[in-house]
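> Next come the chains, spelled out residue by residue.
2 protein chains.
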Amino acid sequence: MFDFNYYTPTQVVFGRNTEQRVAELIRRFGGTKVLIQYGGGSVVRSGLLQRVTDSLDAAGIPYVALGGAVPNPRLSLVYQGIELCKKEHVDFLLAVGGGSAIDSAKAIGYGVASGGDVWDFYDYKRKATACLPLGVILTLAATGSEMSDSSVITREEGWVKRGYNSDLGRPRFAIMNPELTMTLPDYQTACGCTDIMMHTMERYFTNGGNMEITDAIAEGLLRTVKANAEILAKDPKNYDARAEVMWAGSLSHNGLTGCGSDGGDWMTHKLEHELGGLYDVAHGAGLAAIWGSWARYVYKNCLPRFRRFAVNVMDIEPTGSDDEIALKGIEALEAFFRRIHMPTNLRELGVEPTEEELKDMAHKCAVGVNGEKGSARRLREADMLAIYRASM
Amino acid sequence: MFDFNYYTPTQVVFGRNTEQRVAELIRRFGGTKVLIQYGGGSVVRSGLLQRVTDSLDAAGIPYVALGGAVPNPRLSLVYQGIELCKKEHVDFLLAVGGGSAIDSAKAIGYGVASGGDVWDFYDYKRKATACLPLGVILTLAATGSEMSDSSVITREEGWVKRGYNSDLGRPRFAIMNPELTMTLPDYQTACGCTDIMMHTMERYFTNGGNMEITDAIAEGLLRTVKANAEILAKDPKNYDARAEVMWAGSLSHNGLTGCGSDGGDWMTHKLEHELGGLYDVAHGAGLAAIWGSWARYVYKNCLPRFRRFAVNVMDIEPTGSDDEIALKGIEALEAFFRRIHMPTNLRELGVEPTEEELKDMAHKCAVGVNGEKGSARRLREADMLAIYRASM
Chain V
136 MFDFNYYTPT
146 QVVFGRNTEQ
156 RVAELIRRFG
166 GTKVLIQYGG
176 GSVVRSGLLQ
186 RVTDSLDAAG
196 IPYVALGGAV
206 PNPRLSLVYQ
216 GIELCKKEHV
226 DFLLAVGGGS
236 AIDSAKAIGY
246 GVASGGDVWD
256 FYDYKRKATA
266 CLPLGVILTL
276 AATGSEMSDS
286 SVITREEGWV
296 KRGYNSDLGR
306 PRFAIMNPEL
316 TMTLPDYQTA
326 CGCTDIMMHT
336 MERYFTNGGN
346 MEITDAIAEG
356 LLRTVKANAE
366 ILAKDPKNYD
376 ARAEVMWAGS
386 LSHNGLTGCG
396 SDGGDWMTHK
406 LEHELGGLYD
416 VAHGAGLAAI
426 WGSWARYVYK
436 NCLPRFRRFA
446 VNVMDIEPTG
456 SDDEIALKGI
466 EALEAFFRRI
476 HMPTNLRELG
486 VEPTEEELKD
496 MAHKCAVGVN
506 GEKGSARRLR
516 EADMLAIYRA
526 SM
Chain R
136 MFDFNYYTPT
146 QVVFGRNTEQ
156 RVAELIRRFG
166 GTKVLIQYGG
176 GSVVRSGLLQ
186 RVTDSLDAAG
196 IPYVALGGAV
206 PNPRLSLVYQ
216 GIELCKKEHV
226 DFLLAVGGGS
236 AIDSAKAIGY
246 GVASGGDVWD
256 FYDYKRKATA
266 CLPLGVILTL
276 AATGSEMSDS
286 SVITREEGWV
296 KRGYNSDLGR
306 PRFAIMNPEL
316 TMTLPDYQTA
326 CGCTDIMMHT
336 MERYFTNGGN
346 MEITDAIAEG
356 LLRTVKANAE
366 ILAKDPKNYD
376 ARAEVMWAGS
386 LSHNGLTGCG
396 SDGGDWMTHK
406 LEHELGGLYD
416 VAHGAGLAAI
426 WGSWARYVYK
436 NCLPRFRRFA
446 VNVMDIEPTG
456 SDDEIALKGI
466 EALEAFFRRI
476 HMPTNLRELG
486 VEPTEEELKD
496 MAHKCAVGVN
506 GEKGSARRLR
516 EADMLAIYRA
526 SM
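Note that the protein sequences, when read in sequence, are chains V and R.
When you line the first sequence up against the numbering used here, it's residues 136 to 527, in that order.
When you line the second sequence up against the numbering used here, it's residues 136 to 527, in that order.
Heads up, some of the hints might be wrong.
For the chain R half of the interface with chain V, some residues (derived, Cβ under 7 angstroms), not all of them [claimed, not checked]: (1) THR143; (2) GLY355; (3) ALA383.
To give a feel for the contact side, a few chain R residues facing chain V, derived at Cβ under 7 angstroms [stated by the list, open to error]: (4) ASN140; (5) TYR142; (6) PRO144; (7) GLN146; (8) GLY150; (9) VAL179; (10) TYR322; (11) GLU347; (12) ILE352; (13) THR359; (14) GLU379.
Covered by chain R, according to a simulated footprint, are these stretches of chain V (three or more residues, beta-carbon under 8 angstroms) [claimed, not checked]: (15) 148–159; (16) 374–387.
For the record, the hints were derived by calculation from the structure and aren't laboratory data.
Ideal Cβ positions, reconstructed from N, Cα and C, are used throughout, including at glycine.
Isolated chain V, as found in the complex (with noise of 0.2 angstroms):
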């Protein structure tokens, strides 16, 4: 096992109706003119931003609301926002919505708090030395950006999308109410469902040497995520199901089903990656199309995690050889992405990159770390273009 830090401060505030404590906690954390940053329409077309900004309203609390924050969300969404921040002196931020807006917030705080160019941390360039506060009414349990130190925007510019991870950026609050998430597209909840059993599974199958807790921890958690997906696969408006889908999401990416790993293999993250700035397809989606063959790639390099995770996750009965029943683990879970209607590969998926494209995917994917990244199985660029090619 390895040595870790863990740092969570986000206070969490769960349950029915918990977005009426707005202006409360807002104030609690110091914030005196706020940005809200939202999404599209449906925060508005469901009365949520109304019902912020009447409590806003109510409680004194001056503040600019700034819209558009699309999934894959783009730095020219961050740069307006930073200018807006600036103008209206703002220094607290709200996000309403889900990883996008929260997201783009994280950037705007860095850009505020830290000056200089933003792109900068997304860059690799600088590491952000402060953030505007920032709290958040989640509506959508999918990216875990509600708790996590993470935050991805897009370049239009080439289309890159890049990842920027800092403590300074972890919200102070999250209200969430799980009845904020049942008028999402069953598309939608399941790609978040899958987005969610991803962020710890990108921490379980490393080479580091886990520790038990830890791996006790995921596996519960990835089998709620998945008993709860099929739950919302046919009720939606489970209550109890969005909850523990939505508080699952949370502790996916927090950094609890980490603690004493290698840091994670991350690699079905970075190949969607490339594939989502070039496709701006659903993240949960991508990452969905690409496991199965990224998991066939890779799993003799890391076979007793995968012969765990199909015992202890995927209900597998562990007779055969430890080949024969990890395969059968990544078959029942490519069984379950279908069974939630997720795609298993890229034509699924509904995109069809040319050998060029995959190339070039797979080139942008490789650059920046000695030519080899991931801990299931280190791989290259040669490796990534074999992956992508196989996920066809």
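Given chain V, put chain R in place with the hints provided.
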């Protein structure tokens, strides 16, 4: 399931030699003058205290030191610490030790920052409005106080033991080096493992409708501590087992294993608190001595949970009636306690209260909350007395 708040802001720094980072962490959290609260001689004899003061000297951070925090830490030492902090203009507390040193430091922090008589908070008379910032170097995995909101203090006058919970007291950082726990006597290690398991079990045996993800995490944690407690009973220098238990100790009591529950049962703790006030027994051993009698008294009122515990934690075959399975689970946990040399009744604990003392403990234990306490089964004073009697 119930709504919940979850707040664990403590920065955890986990691994070998992490105590070397103490000065850096104190600075990060704004400390300029430190009170070091420690316990008995072990942190002196081991050289840990010297290493800590050397680090502070090297960093130019002034400090005063206050030893003497004993198991069931005393109010008189808390008063002494408060006076010392005021006289020396201390703005940061560093607890070096286990739960006794940490709980004593929390009480000092409330007393200094909130003013008035600090016992008021423990005597349900007032709520603290502030606490001095507190850091921890943990030398004993047991109480979970290094991440929890809880602190337990004993007033010598009448030997009253009371707990106070407030998010204000949660430590800013916790340095956890499993090596620092390797020299503990076996008995204390086993007491710690018992306390850790009980913190999760108190949250587990309820009638409120827990979340599946919380149950899965709780069961994984309990299985991990159980397995590693048995390893440590034979191989106390096993680093990985020390690490599993140490991290489980924090997660067991930071709130994670109670998310979505009704707040938990806590009767074993309450019954033990009265015993601990009267006899000054080791807390973990006191819990083990009472748990079986409590469990047999209440299990029929909480049968689905006791059955689940038996199967998912104690590996009982799910055949026979629910009653039989539940009882086998209780017996299996008692057998585990015996294997790690914990008592399963008061005689084995080494105390023999008179009937008058039992009545007095039951009376004190029942004070305060409408005459009924607990979740697995609501208990009145007569029930508490019956459990005490059964535990003889």
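> Hint by hint, say whether it matches the structure.
Hint-by-hint comparison with the structure:
The beta carbon of THR143 (chain R) is positioned within 7 angstroms of a beta carbon in chain V (closest approach about 6 angstroms), and the interface hint is therefore held. Because the beta carbon of GLY355 (chain R) sits about 3 angstroms from the nearest beta carbon in chain V, less than 7 angstroms, this interface hint is met. Checking ALA383 (chain R) against chain V by beta carbon gives a least distance of about 5 angstroms; that is within 7 angstroms, so the hint holds. The restraint placing ASN140 (chain R) at the interface with chain V holds, with a minimum CB-CB distance near 6 angstroms, inside the 7 angstroms limit.
Interface restraint check: TYR142 (chain R) against chain V, minimum CB-CB distance 5 angstroms, threshold 7 angstroms, status holds. Checking PRO144 (chain R) against chain V by beta carbon gives a least distance of about 4 angstroms; that is within 7 angstroms, so the hint holds. At about 5 angstroms, the closest approach between the beta carbon of GLN146 (chain R) and any beta carbon in chain V falls short of 7 angstroms, and the interface hint on this residue holds. For GLY150 (chain R), the suggested interface contact is upheld, since its CB lies about 3 angstroms from the closest CB of chain V, less than 7 angstroms.
Here the hint on VAL179 (chain R) is broken, as its CB sits about 26 angstroms from the closest CB of chain V, past 7 angstroms. Evaluation of the TYR322 (chain R) hint against chain V yields a violated restraint, the C-beta minimum of about 23 angstroms exceeding 7 angstroms. The beta carbon of GLU347 (chain R) comes within 5 angstroms of a beta carbon in chain V, closer than 7 angstroms, and the hint placing it at the interface holds. Because the closest C-beta pair between ILE352 (chain R) and chain V is about 5 angstroms apart, less than 7 angstroms, the hint holds.
The restraint placing THR359 (chain R) at the interface with chain V holds, with a minimum CB-CB distance near 4 angstroms, inside the 7 angstroms limit. Interface hint at GLU379 (chain R): satisfied, since its Cβ lies 5 angstroms from the closest Cβ of chain V, which is below the 7 angstroms cut-off. Three residues within the 8 angstroms Cβ limit are the bar, and the stretch 148–159 of chain V against chain R gives 5, so the coverage statement holds. Residues of the stretch 374–387 of chain V with a Cβ under 8 angstroms from some Cβ of chain R number 6, which satisfies the need for three, so the listed coverage holds.
Checked against the numbered hints above, the structure breaks hints 9, 10 and satisfies the rest.
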